[in-house]
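Undergrad: Chain by chain, the residues run as shown.
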Amino acid sequence: MITIYVPRDSAARSVGADDVARAIAQWSVEEHIDIDLVRNGSRGALWLEPLVEVVTSEGRIGYGPVSVEDLPSLIEAGFHAGGEHPLRVGVVDELPWLASQQRVTFARMGMSDPLDLEAYRTTGGLHGLARALELGPDETAAEVLASGLRGRGGAGFPAGIKWRTVLEVSSATKYVVVNADEGDSGTFADRMIMEGDPFTLLEGMAIAGVTVGATQGVVYIRSEYPDAIATMRTAIDIARLDGWLGDDVLGSGRAFDIRVVEGAGSYVCGEETAMLESLEGKRGMVRAKPPIPALVGLFGQPTLVQNVLTMAAVPGILAEGSGHYQSLGVDRSRGTQVYQLAGNVARGGIVERAFGLTLRELVEDYGGGTRASRSGRWPIGGLPAGVRARCLSGLRVPPGGWWHARARRRGGLR
Amino acid sequence: MAGHAPWSATVAREVLEALPSYERLMLPALQCMQRTFGYVPDEALDVVADFLNVSRAEVYGVLTFYHDLRRAAPPRTDIKLCVAEACQAQGSRELVAAVEEAYGVRLGEVNSDVEISEVFCLGDCALGPAAMINGRLRGRCTVDSVRAAVTA
Ligand SMILES: Cc1cc2nc3c(=O)[nH]c(=O)nc-3n(C[C@H](O)[C@H](O)[C@H](O)COP(=O)(O)O)c2cc1C
Ligand code: SF4
Ligand code: FES
Chain A
1 MITIYVPRDS AARSVGADDV ARAIAQWSVE EHIDIDLVRN GSRGALWLEP LVEVVTSEGR
61 IGYGPVSVED LPSLIEAGFH AGGEHPLRVG VVDELPWLAS QQRVTFARMG MSDPLDLEAY
121 RTTGGLHGLA RALELGPDET AAEVLASGLR GRGGAGFPAG IKWRTVLEVS SATKYVVVNA
181 DEGDSGTFAD RMIMEGDPFT LLEGMAIAGV TVGATQGVVY IRSEYPDAIA TMRTAIDIAR
241 LDGWLGDDVL GSGRAFDIRV VEGAGSYVCG EETAMLESLE GKRGMVRAKP PIPALVGLFG
301 QPTLVQNVLT MAAVPGILAE GSGHYQSLGV DRSRGTQVYQ LAGNVARGGI VERAFGLTLR
361 ELVEDYGGGT RASRSGRWPI GGLPAGVRAR CLSGLRVPPG GWWHARARRR GGLR
Chain B
1 MAGHAPWSAT VAREVLEALP SYERLMLPAL QCMQRTFGYV PDEALDVVAD FLNVSRAEVY
61 GVLTFYHDLR RAAPPRTDIK LCVAEACQAQ GSRELVAAVE EAYGVRLGEV NSDVEISEVF
121 CLGDCALGPA AMINGRLRGR CTVDSVRAAV TA
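These protein sequences, in sequence, are chains A and B.
With our numbering applied, the first sequence covers 1 to 414.
With our numbering applied, the second sequence covers 1 to 152.
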């Protein structure tokens, strides 16, 4: 049996991964070759998509970008045994681009079928939730605070403080809401988490739910992401059947369930109070603050609002202990940052590293410099206006992430 | 696109009645109308307002706020081209012009068959220019690949 991976991520599908998978399946049937065709998530090396991987004694050998037209020559080259071919990139885990990253939130990305719960469990899945149930709400919130985790959706607010606020307010009904409106150009990490590792996001939400005392979670996903919506809904069903969502989370006697709400195309619903209005079925108009959503949120109830990447970091923090996460990063920015390289770079994709990377390392070492001759614009996740060459040399990616970079740029960096 | 029912107030009421309690809100009700009929017919406003016990003006306000909600039947071919920053850096402006010319329709217009509209980021920024064609995401688009996707 040969194991072959062809991603099911919508970016990979957008450039023909389904056709490639179908052609490989057909070839295996015709040639009576016994294969296990796994539709994994994307590794985040998007310039190589569709990236076909074959398991060999050396490791997972990659070929990419593969199109249906390449298949005859790949077969000729014996790709299913790792054969030599112009598209062969070698052992994917050993690509310097990947090997030099510090994948924490994206640790599982692309390793297996995102809806394979068994694979999720055997790679540390649900340890964080089990530990949170053991610790109880106060200590779990303290762990999140100690980790130094800050919001990844823009404002960079310490997650632990929000958790404590919602935990301490007394109310019969509370909500956990994940903001998956991801509207800025050049950002796609939220989408990749939902499509490529949905259980991690659900586990993070379940940890949040049992900690702050909410029984209902909601993921607000923009309608531009139909694959993410479908994958999340299926993942929720699987988790419910497995008994870690629903009336009795992991046998704890605590109830927590999640549903997906689809947006309807609005460019302001990413702002959390506009999103809450939209979740109530109204026009997505920004609310006056205070009161903050942690106290008066969805349907007037205390609501923990967190970005996808923030919430997806939580299971690892609980499973490994806050110290591990806290040990990564610089100054007040703890943990890792998920950079999204897109636009006019040779190697667009996901780069996860501890905070403290320079823009030059990011754009030149990872991005491979600019593609062809279009003027140097590198839209980088979270920085919609694009970065220009003059700003780059040696500038550190600022603590707190890109929104700060934008503010600083406005302040005269250009 | 999937087949849609012709407008019928009876069908509208039936599908609304079938909504779970947490979807008995203006936006989900309008989304339900669109799933059923392909768009939100004017007549549906009254049915939704009546069903939720709110004013027609309130429902109208929600309908006009969200880009996805259509007030006219959908075209047979729906081409959405991403014109956000990362795709622009990969040539989306040129693509828009070429697609407009190929179909003889300008951005934001519909003819009897084809609608070309702009969207702001489809989450496929590393593989731009990106497009959503008849509900399917397409990357590394050229005018030829757009044509092929339309007939696929
Ligand atoms: C105009 C605007 C758009 C925003 N868009 C998003 C978004 O797409 N996703 C997101 O998570 N947060 C977005 N935010 C930030 C949210 O309001 C909120 O701070 C965040 O969801 C909280 O989660 P976090 O603390 O985990 O980052 C936006 C804010 C503004 C003002
Ligand atoms: S900074 Fe940009 S995204 Fe944020 S509120 Fe202003 S215009 Fe909107
Ligand atoms: S900018 Fe076009 S898909 Fe993101």
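Hint data in this document are derived by calculation from the structure and do not stem from the laboratory.
Incorrect hints may appear among the rest.
Stretch by stretch, here's where chain A covers chain B in the computed footprint (C-beta under 8 Å, at least three residues) [said to hold, decoys possible]: (1) 5 to 16; (2) 59 to 71; (3) 80 to 87; (4) 103 to 116; (5) 119 to 126.
Ideal placement from N, C-alpha and C gives every residue a C-beta, glycine not left out.
Undergrad: Indicate, hint by hint, whether the structure satisfies it.
TA: Structure-based check of all given hints:
1. Coverage of the segment 5 to 16 of chain B by chain A is violated in this model, with 0 residues showing a Cβ closer than 8 Å to a Cβ of that chain against a need of three.
2. Proximity of the segment 59 to 71 of chain B to chain A, defined as three or more residues with a beta carbon under 8 Å from a beta carbon of that chain, is established by the 7 residues found.
3. Taking a C-beta to C-beta cut-off of 8 Å, the segment 80 to 87 of chain B contributes 4 residues in contact with chain A, enough for the three needed, and the coverage statement holds.
4. Only when three residues or more bring their CB closer than 8 Å to a CB of chain A does the claim for the segment 103 to 116 of chain B stand; here the count is 0, and the claim is violated.
5. Counting residues of the segment 119 to 126 of chain B whose CB falls under 8 Å from any CB of chain A gives 8; the rule of at least 3 is met.
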